[in-house]
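So the protein lines, in turn, are chains A and B.
Take 1 as the starting number for the first sequence in this note's numbering and just add one per residue.
Take 1001 as the starting number for the second sequence in this note's numbering and just add one per residue.
Short derived list, chain B residues pointing at chain A, Cβ under 8 Å:
id: 1; residue: Leu1131
id: 2; residue: Phe1141
id: 3; residue: Ile1142
id: 4; residue: Arg1148
id: 5; residue: Lys1152
id: 6; residue: Ser1154
id: 7; residue: Glu1155
id: 8; residue: Gly1156
id: 9; residue: Ile1158
id: 10; residue: Phe1166
id: 11; residue: Ile1172
id: 12; residue: Tyr1173
id: 13; residue: Thr1185
Calculated from the structure, these hints are not laboratory results.
Everything numeric in this text was worked out from a predicted model, so none of it was measured.
C-beta: ideal position from N, C-alpha, C; glycine also.
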Amino acid sequence: MTLAHYMTVSGLLFAIGVFGALTRRNIIGILMGIELMFNAANLNLAAFNRFLAPAGVVGSAVTLFTMAVAAAEIVVGLALVMAIYRNMNTVYAEDINLLKG
Amino acid sequence: MDGLKLLLPEFGLSLMALGLMVCDLFFDRRAGKALLALGFVAAGVALGSLGLAYNAPEAYSGLGTLWAVDPMSLFFKAVILATTTFVLMLSIDYKPAAELRHPGSFTALVLFSAVGMMLLVSATDLLLIFLSLELVSICSFILVGFERRDLKSSEGAIKYFLFGSFSSAIFIYGISFLYGALGSTSLLDLRPLLGEGPALMFMVGCILLLVGFGFKVSMVPFHFWVPDAYEGAPIPVTTFLSIAPKAAALGVMVRVFNHLIPHSQLELTGLFSLLAVLTMTVGNLTALFQTNIKRLLAYSSIAQAGYMLIGFVTADAMGREGLILYTFVYVFMNLGAFAVALTLGNEEGYELEAFDGLSQRNLGLALLMTFFMLSLAGIPPLAGFIAKFTLFAAAVKTGHVWLAVAAVLNSVISVYYYMSVVYHMFFKQARTHEPAPTRLFVTGTLAVAAVGVLFIGLYPEPFLAVAHLSAEFLPSAAALP
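Could you put together the complete structure from these sequences and hints?
Listed below in structure tokens is the structure:
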């Protein structure tokens, strides 16, 4: 296993995440795509730490922070989804079109 | 550890915010305005404590492991705190006390967001930049959706959230590449790049970072969330979002790209000039067709961000000075315009028709709005003109003449939609003849904003001097290898 393997996996993960976030109609699905993108970054950071800067722990430390932040972000997101479901009875992005942007 | 006292304003505000959150549980609605006022006083005191720094800059600057307090960050902190103070003032008058919901939490979220921005502008490490950017974003998501039963508010919040977290994910992915290229996340000990691989990773990292920042400063083509989030949010939150996070993101961008550009093989300044022209043009052209004052000001703020991006193109102290002055002036202009919209909005909504015949109902308010609109359009002798002049002059001096020409043309386009608001106020029949309401705190904000706009316009020298001082980094670029 070399660095290139890890980077390929993380690149694929990121691409799948972006694709999911842009094409999903369900807001929960979009959130899952975004979560994949965060995990791609985590994988990258951990791999770089192991292969390029094995003396330090900065990469792993950033990974831990990212995981916590991503969790906090998703909590807020799900709360907003709950609020919109109570108001509009839908979690599909195309039904949420009161504002014209 | 000694240097931690430099972060006292941040600590103080965080404690205050935590306290306010607890208070929210125990006080009923009648005390709501008191909680807002408490937050307003806290932000004001923090702003005052920063004022001390201008008397003795050496004593108030220093370097931590992840942050640097220097003239640049002090300036942006002052801008952020001033905005926070005035926004909390405006929220006191936003609604009658009986309709306030969780005023303590609202104030706490605004203060947390302010703390995040203050950390953001002094961060010198990609980790702290990411964390504080997230603190700001997460608080703003909740603030936009604060009117939980209002459909538009929830919708604006969910759209803002989806775009915001998407951009955060791109941002952290970019950080991972920069870490791979540099072997550290600190901006201060960048080592030269060795070989093809790191150079490529560095380039990818820079681009992804720029995309992440682009979302936050509403740079075209990453601006789609702006009008919806601004329209959905309660108007004090819109005021806050249109000024403070934008200033903070620009502040941190100045720092980050000042360190990164010398290492980059990619022509980043060319990219910036393209983005600047794109942002101002799209912002201005779309603003022409808006009929809602919140959306109009949203597109106007996109266009203004485009002007501010010129500061990056020149990539020197002069561009930074122009950017700093522009940010400072922008606070007053936008604050004033939103304060007028807030006064009318509660009874009459935010369509442009709410302004019909305002001159017959309240001449003072109509004149003030005209004043702010003229300043936003950049008509001399108001502050907006001085700010634009400084920025465009910086562009011309560094040989980007076509950029300055594009910016001037854009300012001319913008006059049309700013003046359409004035047209509504002076040349349309009023629907009612009741005098428009005047409220204490809104009037206070308007007075400060108007005096600021007029004074900076007529006597800009002291402000230019402040901008000149603030354009300095603590670990200066020259001292780096």
